[in-house]
Structure formats: structure tokens, C-alpha cells
Amino acid sequence: MNRTCRGLVLAGLLLGTTAAAGAAEPDLAYGAYQAGHYRRALDEALKRVEADNNDAAAMTLLGEIYRLGLGVPESQRIATEWYDRAAARGDINAAYALASALLDERSGKRDPERAGMLLRKAAAAGHPAANYNLALALLATGKEEDDKRAVACLEIAANAGIGDALMALGILSKQGRGLPQSEAKAAEWMAKASQAGNVPGEVEYAIMLFNGTGVAKDETAAARLFLRAASQGNPIAQNRLARLYQSGRGIAPDSIEAAAWHLAARARGLEDAGLDQLFDRLSHEQQGRAAALAATRIEGAALTSPGQASK
Amino acid sequence: MSNAPTPTRLMLVTPLVADAEAMAFRLMQAFAGGDVAAVLLRLSEGDERSKIERVKRLVGPVQSANVALIVEAPALVATRGGADGVHLINGPEAVAEARSSLKNERIIGAGSLRARHDAMDIGEAGVDYVMFGEPRPDGSLPPLAAVIERASWWAEIFETPCVAYAPDAESVAALVETGAEFVALGAWAFDEACDIRALVTQANVAIAAHAARKAAR
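First to last, the protein sequences are chains A and B. Once you know that position 244 of the first sequence is 244 in the working numbering, the rest is easy, because the numbers rise by one and skip nothing. Once you know that position 35 of the second sequence is 35 in the working numbering, the rest is easy, because the numbers rise by one and skip nothing.
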């Protein structure tokens, strides 16, 4: 969860800053930042703040540079100081980043109450990630009217293409929470989440496709989607894909592939007695091949899936 | 003292500050240039409340960069504002008084030390540092040669750290050579025309060069 949030922070900032940069003259600081020239980005942003103590976009960029430690020693506390100043000057991305920082001990000024206020402010201004996070907070209260507000927030985030928000709307449609219960609607949201590259969304949609829940049954499409999510390191998808290879549903049967995906899923803690038996029945040579395949997949997923690569 | 080679670190001495927010930006700029150990904040006139308010506004930006904030003001202003220490210029009695109210929880530094015995008296009163070379109350500067001589003498003999105030960028290297624990960049570094970040970087380069030469010996 923590990782997801931090990933979102960045996504939100980048979206917003690009928009802001488009309005003004060529933005040297942000351009340098995008090109990966972080020291130059820092130089330019500091120059801008020196020239104009109200340049909120430059301050937000400085916060971002310090938060991620790009070309400077990482410091959540310095980042928070910059976000604080930018937010005070009305920068919405900074308000959101500051809200996240104030929930974190490392900012040196943890303040959940103020964080909530800033989050609501950023959400009201249409910041997608702020809307998503506010929705999570609203759903946690368990009150019916908050569910409705959460759905409204999620729709804003979903419109900006935030996969987690699309996925959340799918789940809420399934449960009939905050909006009418509808498997068909749920399937639509899941399909969108899956298109946005949201891995849990891919898994959910694949299950719906396989069972024909809310959408026309299509085992082949389900298998393809499981394969995609499995390759991104999702253990549930790896387990389901292994079963499809075992039974030959939606995909040509292949015991080695089945065993390999099972091993990958088991490495992530997902047990399956039926697939264990399948593995035991393989010859030594086949088991070796499956293990070798599984090893490349476990490593490959660690390198490609965004959540796992972080320190 | 001389056989414990603690490398010199930087201190920044601000001009008299009226607008804390503008100073916050200037300081954050400076910290981006490299290591700074402490900021000595000097405040322009105002009532106690406005002074505390200004200290409060600077505590965040300074302390978040792991820099100590020391204020030239009564102990009350420094503590209420959340600063790390006070800088006193009124002799040993003031130090004793501040020590009794601050205990050992805050830094107490002293400046405005004219004669050697002034420095020795104040050292015995139990300060955490002594400063040499800062402008006199009338704004005039003591001769650099005298400051170098004073700082070298102190650093050689006494345990209490000393701060050598640099009157301009050119004298930083010479003051680092004295072995003083701190070299201070003064109000001049905050002038509009000065790139304070570059000054901090250059001063740290001079410090590193000195340390390298010492290690090579």
C-alpha cells in the first residue's frame, strides 16, 4: 500500500507539472529535470526562486528533487520545507505532495490533521492522485454517504487514467457500494483498469472473462490476460495460468509451463497441492527445465514490475 | 586540541533580518551549496513577539537541513522560537545567566571579544564556542592578520571551539589554515550580487583542500 501511494505521488506530480509548464515560457528547470539533468534542474529552480519568491512551480520541483534525492542527498525534511512553501502559494501538486509528507515521520513534521485538510483541498482542485487517496480515506469510514463521495472522487481519478481508481470502481460496482450493483459495469471498469496496465485489474478482469461474469465468456482472452499479469509478477495470475496450462483451457496444455508458473507463484508464497502433484509426476529432466524457466521468471518480474524494484 | 584534527565547518552569519521568509529562501539556497554546520541569525529591531515569530519561521528550513540555528538575542527569544542556541555579546555575566536558564540543552556562543583575556574569561564561563573577527558594533572590521593570529592562538591552546569570521571570500582559505573549528561567512555573503550557494561550495572546497594537505603531511 505504501509503495502504491508513493508511486502515485510521483505520477500525480508529473501530470500536473507538465500542464503548468505548458502555460509559461520554456521551462528550463523542468526541462532539465525531465532530461535527467538534475543538478541543472536544481540550479535553474533555485535561480527562479531567488528571482521570484512566489514561483510555486519551481519550489515544487525543488521539493521533488530533494524527496527523490536526485543529484542531491535525499532529504524528506528539506523536500517538505519546499512543498510547504509552494503549497502556501497555491500550488496544487505541492499541496498533495505536502499532504503525503505530513503523513510520514521522516518529514520531521508529521501532522495527519493538516494532511487531511491539504488532501481535500488538492482533491477539490481536481488533482487525480489526491482524489484517489481521499476516496480511500472516505471508504474507510464505512458511512453510506461517504461511499457516494468516494465514488465521485474515484471517477475524477479514473478519468485521469489512474489504474487503481478504475480497479476500485470495478470492485465497488461488484459490491454495489456507493453505486448500483452491476457485474456488467464492474467488468467495464476492470477492462479499463486492465488496459491502463493495472495488474490487479488484469487479474480480476481475466477471472471475469474466464467465468463469463458481466462479460461474454472468453477463456482464450482470459488466458492471455493471465499471462500478461503473470509475467508482471502477480502470484495469483501465475497460479491461475499454471492451472490453465495444466487443464489446457484457453491455452494449449503444457505441463512444463504449468510447473514453471506454479514454482514462480509458490516462490511468492502461493501454495497449490494439485500443482505440487503435477510437478512431482514430472521426470527429473522436466523438473529441471521447469525450475530453470521459473528462475528466469522470478528474476524477470523482480526487474520489470514497478513495485518490486524499489529499495 | 591540535592533535585532534576535526575538520573545519562553515557557519553563516546573517545580516539583520526583518523578512524571515526571504531569508529562508536565501538560506535554503546556501544549503544547496554544501555542508553548513550552523546559522547565526541576527534580527533587526522589533518587539519580543515579532522576534520570536521570525525565529519560528526560520527554524524549519534551517533544522530540516541538519543545520543548527543560533540566534543573537535574549535566551527567551531563542527558546520560544525553537532555535538551537544563543549568541551572546555582553560578557561573562550574560553567559552565566543564560547558562542557568538554558542548562546544557542549548548552544551558547559568545562574540564581541576584544582582548585575549575577554576570550579567556568567557571561555571559563562555559560557552560552546567563541567568535573572533566579526565586525565591531560601529561596523568596522578588525585587521585580518590579527584575526588569524587570535584564532590560531585559541585553536592551539583551548578546548572550546572557535569561530573565525571571514570578512570576505578571499580570506576564507587563510582562516581555514588557523585550525579554527568553524569559519563564518558574514553578512556580505547575503548581498544581492553574491551567489551564496557558490560561496558555500567554494568554502567547502577550501576546507577539503586544507584537510587533504594536512592528511598528506
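Worth flagging that the hints you see were computed from the coordinates, not collected in a lab. Owing to the predicted nature of the structure, the values given are computational and were not obtained by experimental measurement. Warning: the hint list may mix true and false statements.
As the list claims (entries may be wrong) - Here are some of the chain A residues that sit facing chain B, going by a computed Cβ distance under 7 Å:
(1) N53
(2) L136
(3) A137
(4) I207
Unchecked claim - Estimated spans, in silico, between C-beta atoms of each pair:
(5) B:S140 with A:G90: 43 to 53 Å
(6) A:G108 with B:S100: 26 to 36 Å
(7) B:A215 with A:K109: 57 to 67 Å
(8) B:E192 with A:R39: 19 to 29 Å
(9) B:L76 with A:L70: 17 to 27 Å
(10) A:L70 with B:G126: 41 to 51 Å
(11) B:P7 with A:T296: 28 to 38 Å
(12) A:A88 with B:A215: 26 to 36 Å
(13) A:G90 with B:N66: 22 to 32 Å
C-beta: ideal position from N, C-alpha, C; glycine also.
Structure-based check of all given hints:
Because the smallest distance between the Cβ of N53 of chain A and any Cβ of chain B comes to about 6 Å, under 7 Å, the interface hint for this residue holds. Below 7 Å, beta-carbon pairs count as interface contacts, and L136 of chain A has none with chain B, the closest being about 28 Å; its hint is therefore violated. Evaluation of the A137 of chain A hint against chain B yields a violated restraint, the C-beta minimum of about 26 Å exceeding 7 Å. Because the smallest distance between the Cβ of I207 of chain A and any Cβ of chain B comes to about 47 Å, over 7 Å, the interface hint for this residue is violated.
Judged by the Cβ atoms, the range 43 to 53 Å given for S140 of chain B and G90 of chain A holds: they are separated by roughly 46 Å. Taken as a hint, the range 26 to 36 Å holds for the pair G108 of chain A and S100 of chain B, whose Cβ atoms sit roughly 30 Å apart. In this structure the supplied range 57 to 67 Å is violated for A215 of chain B paired with K109 of chain A, their Cβ-Cβ distance being about 39 Å. For the hinted restraint 19 to 29 Å between E192 of chain B and R39 of chain A, the CB-CB distance of approximately 24 Å keeps it satisfied.
Checked against the given bound of 17 to 27 Å, the beta carbons of L76 of chain B and L70 of chain A, roughly 41 Å apart, lie outside it. Here the CB-CB span from L70 of chain A to G126 of chain B is close to 44 Å, well matched to the stated 41 to 51 Å. Distance hint check: the CB atoms of P7 of chain B and T296 of chain A are about 50 Å apart, inconsistent with the given range 28 to 38 Å. In this structure the hint that A88 of chain A and A215 of chain B lie 26 to 36 Å apart at CB is violated, the actual value being about 46 Å.
For the pair G90 of chain A and N66 of chain B, the supplied restraint of 22 to 32 Å holds, since their beta-carbon distance comes to about 29 Å.
The structure is inconsistent with the numbered hints 2, 3, 4, 7, 9, 11, 12, although it conforms to all the rest.
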